[in-house]
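Its first residue numbered 0, the sequence shown is counted upward by one per residue in numbering that gives the first Met the number 0.
A couple of the hints might just be wrong.
[Stated by the list, open to error] Quick list of simulated restraints, FRET-style, between CB atoms:
| # | residue 1 | residue 2 | range |
| --- | --- | --- | --- |
| 1 | Leu405 | Val312 | 13 to 23 Å |
| 2 | Asp608 | Glu99 | 14 to 24 Å |
| 3 | Ala197 | Glu99 | 13 to 23 Å |
[To be verified] Keeping only pairs whose Cα atoms sit at most 20 Å apart, straight-line, the calculated PhoX-like set for lysine-lysine is:
| # | residue 1 | residue 2 |
| --- | --- | --- |
| 4 | Lys511 | Lys297 |
| 5 | Lys122 | Lys154 |
| 6 | Lys173 | Lys93 |
| 7 | Lys328 | Lys62 |
| 8 | Lys388 | Lys429 |
| 9 | Lys328 | Lys429 |
| 10 | Lys154 | Lys491 |
| 11 | Lys93 | Lys154 |
| 12 | Lys468 | Lys511 |
| 13 | Lys468 | Lys297 |
| 14 | Lys65 | Lys429 |
These aren't lab readings, by the way, just hints derived from the structure by calculation.
On a predicted model such as this, the values are computed, not experimentally measured, just so you know.
Even for Gly, the Cβ is constructed at its ideal location relative to N, Cα and C.
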Amino acid sequence: MDEIFEGLNPEQAAAVSQTRGPVCILAGAGTGKTTTITRRIANQVATGAFSAGEILAVTFTEKAAKEMGKRLERLGVAGVRARTFHAEALGQYKRHSTDESEILGAKAQVLYGLIQRLPMPHKFVAVRDIATEIEWAQNRRVTPQRYLEALGPHKPPVPPEEMAGLYTAYEERKKRANLMDFEDLLERTVEMLSSDGAALAAVRDRYRAITVDEYQDVNLLQQSLLDAWVGNGSDVCVVGDDYQSIFGFTGATPDYLLRFPDKYPDCHVVRLTTNYRSTPQVLRVANMLARSFGGTPKTLQATAPEASAPPAVVRRFDTGEDEIAFIVKEAGDLRTQGVPLEEIAVLFRINGRSEQFEEAFSDADITYQVRDSAFLRRPAARAVLARLKKATGPVAPAMESIVSSLGHQPDGDFSGDEATRQSDLGRLVKLAQEDGARDIAAFMSDLALRFNPDETGRGVHLLTYHRAKGQEFEAVFLPRLEDRELPFALSKSDEDVAEERRLFYVGITRAKRHLNISWAALREGERRRNCRPSALLSEIGFDAAPANLRQTSAAAPKREKVAVAPKDQALFTAIKEWRLQRCRSDGVPAFVVFSDQTMAALASTRPRDFASLLDVPGIGPAKSALYGVELIELIQAHN
Numbered sequence: 000m001d002e003i004f005e006g007l008n009p010e011q012a013a014a015v016s017q018t019r020g021p022v023c024i025l026a027g028a029g030t031g032k033t034t035t036i037t038r039r040i041a042n043q044v045a046t047g048a049f050s051a052g053e054i055l056a057v058t059f060t061e062k063a064a065k066e067m068g069k070r071l072e073r074l075g076v077a078g079v080r081a082r083t084f085h086a087e088a089l090g091q092y093k094r095h096s097t098d099e100s101e102i103l104g105a106k107a108q109v110l111y112g113l114i115q116r117l118p119m120p121h122k123f124v125a126v127r128d129i130a131t132e133i134e135w136a137q138n139r140r141v142t143p144q145r146y147l148e149a150l151g152p153h154k155p156p157v158p159p160e161e162m163a164g165l166y167t168a169y170e171e172r173k174k175r176a177n178l179m180d181f182e183d184l185l186e187r188t189v190e191m192l193s194s195d196g197a198a199l200a201a202v203r204d205r206y207r208a209i210t211v212d213e214y215q216d217v218n219l220l221q222q223s224l225l226d227a228w229v230g231n232g233s234d235v236c237v238v239g240d241d242y243q244s245i246f247g248f249t250g251a252t253p254d255y256l257l258r259f260p261d262k263y264p265d266c267h268v269v270r271l272t273t274n275y276r277s278t279p280q281v282l283r284v285a286n287m288l289a290r291s292f293g294g295t296p297k298t299l300q301a302t303a304p305e306a307s308a309p310p311a312v313v314r315r316f317d318t319g320e321d322e323i324a325f326i327v328k329e330a331g332d333l334r335t336q337g338v339p340l341e342e343i344a345v346l347f348r349i350n351g352r353s354e355q356f357e358e359a360f361s362d363a364d365i366t367y368q369v370r371d372s373a374f375l376r377r378p379a380a381r382a383v384l385a386r387l388k389k390a391t392g393p394v395a396p397a398m399e400s401i402v403s404s405l406g407h408q409p410d411g412d413f414s415g416d417e418a419t420r421q422s423d424l425g426r427l428v429k430l431a432q433e434d435g436a437r438d439i440a441a442f443m444s445d446l447a448l449r450f451n452p453d454e455t456g457r458g459v460h461l462l463t464y465h466r467a468k469g470q471e472f473e474a475v476f477l478p479r480l481e482d483r484e485l486p487f488a489l490s491k492s493d494e495d496v497a498e499e500r501r502l503f504y505v506g507i508t509r510a511k512r513h514l515n516i517s518w519a520a521l522r523e524g525e526r527r528r529n530c531r532p533s534a535l536l537s538e539i540g541f542d543a544a545p546a547n548l549r550q551t552s553a554a555a556p557k558r559e560k561v562a563v564a565p566k567d568q569a570l571f572t573a574i575k576e577w578r579l580q581r582c583r584s585d586g587v588p589a590f591v592v593f594s595d596q597t598m599a600a601l602a603s604t605r606p607r608d609f610a611s612l613l614d615v616p617g618i619g620p621a622k623s624a625l626y627g628v629e630l631i632e633l634i635q636a637h638n
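Work out the full structure: start from the sequences and follow the hints.
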């Protein structure tokens with residue numbers, strides 16, 4: 000018992016002490032979430048509340064599940080089931096169902112041929128985009144028959160009618176081949192538990208207590224499965240941070256986390272805000288950005304000393320080349336100061352931004368690793384690797400011989416697919432030159448690590464914001480903080496922009512000590528040649544200046560006059576006065592709470608409950624959760 004509570008702060012200890020549910024742990028970035036939930040599970044076993052075999056811990060990755068299992072073993076707890084949603088669903092489905100469908104490893108296996116039937120130019124759409132769109136529907140439990148009516152403002156990667164046809168054909172082809180994908184696995188498990196009383200009883204009898212990690216990333220399909228597991232029980236603990244909900248494209252929503260206390264009125268809520276990762280300088284930037292979030296208020300408090308830590312910096316560069324050169328030089332300087340390259344990360348919004356950094360780090364003889372395996376799946380890499388397996392001797396000369404046989408022309412002028420192939424051959428040559436005389440087997444092993452989405456290899460990390468979730472680094476660089484880059488150009492709705500803001504927050508809070516944010520005014524050779532700084536920079540207290548960026552107060556946008564009907568004027572005035580009080584108590588500008596247009600809409604529509612509150616323009620789930628109770632009471636008082 001002493002070991003379970005050793006080193007915990009009061010917030011963590013309060014969570015660990017609650018061995019019976021329902022429990023909601025709102026865990027801010029870097030606050031020791033994994034430590035807290037593994038200690039809580041250990042305490043459930045140590046106090047006799049549950050045996051280890053009666054506990055199910057659900058995570059979102061196999062890596063996280065393995066880490067949780069290892070920590071529990073170190074605490075002397077064996078037998079707790081730590082699994083992903085899909086792994087646990089697969090076990091239950093195989094155990095209780097007679098269905099012999101095979102699991103489809105990747106949707107691309109079925110989709111590729113179907114996409115080729117699309118009319119021009121849609122047949123060139125990326126298979127990944129179509130697969131993601133189908134998952135968008137499946138995770139919302141939208142069938143092909145309901146797809147068009149469920150779209151709303153959502154825009155698919157091809158025209159809606161073409162996408163509906165693709166979705167239908169995909170489902171039919173799977174059925175004929177007796178295949179099911181991973182989303183089908185969850186759906187069929189939910190259906191099995193709904194229709195098979197014996198299977199449902201067996202699952203609920205086995206698992207008396209359930210803990211769900213990263214609960215802010217749950218979608219409707221996963222929540223439906225969790226509801227089947229829990230039933231009318233209440234021994235469930237959810238852990239998450241609505242500030243880090245960044246997977247909306249999968250159907251994930253922080254709503255389930257924010258509304259958990261409403262679902263379980265006797266829920267014990269614990270907030271973890273003591274940060275063990277970042278310096279006060281880094282957290283100051285994160286907390287300033289978080290003022291715009293709504294949701295459950297969490298101000299991260301640093302445990303690291305401030306005196307010796309470097310400031311968080313925002314820089315403006317004249318050109319993209321200047322920005323890249325600075326980051327590469329700074330990474331080299333950090334290495335000289337004793338920071339391991341593996342503790343340095345460069346984050347970007349989309350995978351395509353990595354190539355310029357790869358080339359620059361390679362030219363500077365700085366090892367790097369890319370958290371995406373797409374490069375190794377392209378034609379040039381596949382051809383080279385197939386030949387490397389048969390080659391012998393040092394890797395550098397072997398690579399030169401292979402790419403020469405494949406027609407590599409480093410000084411040639413190419414376009415289209417051939418330009419990509421030539422560029423990839425050149426990248427492989429540079430990678431081989433880094434390793435020089437190393438043997439081929441070691442090089443290929445290192446290459447697999449370097450471009451693997453899950454493993455850790457050698458060198459500076461180059462990865463997207465999404466890939467960085469759950470990781471931490473001594474030094475973090477956030478380049479390209481520009482309009483239409485972050486928030487991304489495709490982010491149109493308020494919810495889309497809110498998620499982009501949370502992506503920025505995730506990027507900031509990955510940094511332990513060094514945080515460098517930057518943007519460039521000019522990017523040669525790109526579609527958006529002339530760039531403007533991202534509006535998100537104003538939310539962390541910076542605006543553009545000629546040479547660098549200076550700290551200022553976040554400026555409110557210009558207010559537009561709104562028309563309020565005479566019958567609604569008294570309520571509008573009352574809401575405006577309420578907003579003023581909230582601004583003062585929360586320490587945020589008025590526009591962060593509600594715009595005048597939103598207040599006018601509240602006064603005219605007079606919502607009576609949370610459902611109708613969400614219909615008001617400008618009010619999403621986060622603001623509904625934060626302000627809903629007060630607003631409904633205020634409106635009822637004026638009816």
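Now the hints, each set against the structure:
Range check, Leu405 to Val312: Cβ separation about 44 Å, and the 13 to 23 Å hint is violated. Distance hint for Asp608 and Glu99: a CB-CB separation of about 47 Å, inconsistent with the stated range 14 to 24 Å. The supplied range of 13 to 23 Å is met by Ala197 and Glu99, whose beta-carbon atoms lie about 19 Å from each other. At roughly 19 Å between alpha-carbon atoms, Lys511 and Lys297 fall within 20 Å of each other, so this suggested pair holds.
Under the criterion of a C-alpha separation no larger than 20 Å, the hint pairing Lys122 with Lys154 is consistent with the structure, at around 17 Å. Proposed proximity of Lys173 and Lys93 is supported: the alpha carbons are some 19 Å apart, at most 20 Å. With a C-alpha separation of about 33 Å, the suggested pair Lys328 and Lys62 falls outside the 20 Å cut-off, and the hint is violated. Pair hint Lys388 plus Lys429 holds up; C-alpha atoms about 18 Å apart against a cutoff of 20 Å.
For a cut-off of 20 Å, the pair hint linking Lys328 to Lys429 stands: about 19 Å separates their Cα positions. For the suggested pair Lys154 and Lys491, the alpha carbons sit about 11 Å apart, so the restraint of at most 20 Å is met. For the given pair, Lys93 sits about 36 Å from Lys154 by alpha-carbon distance, which is inconsistent with the 20 Å threshold. With a C-alpha separation of about 14 Å, the suggested pair Lys468 and Lys511 falls inside the 20 Å cut-off, and the hint holds.
A distance of roughly 18 Å separates the Cα atoms of Lys468 and Lys297; the hinted pair therefore holds under the 20 Å criterion. Our distance criterion of 20 Å between C-alpha atoms is broken by Lys65 and Lys429, whose separation comes to about 35 Å.
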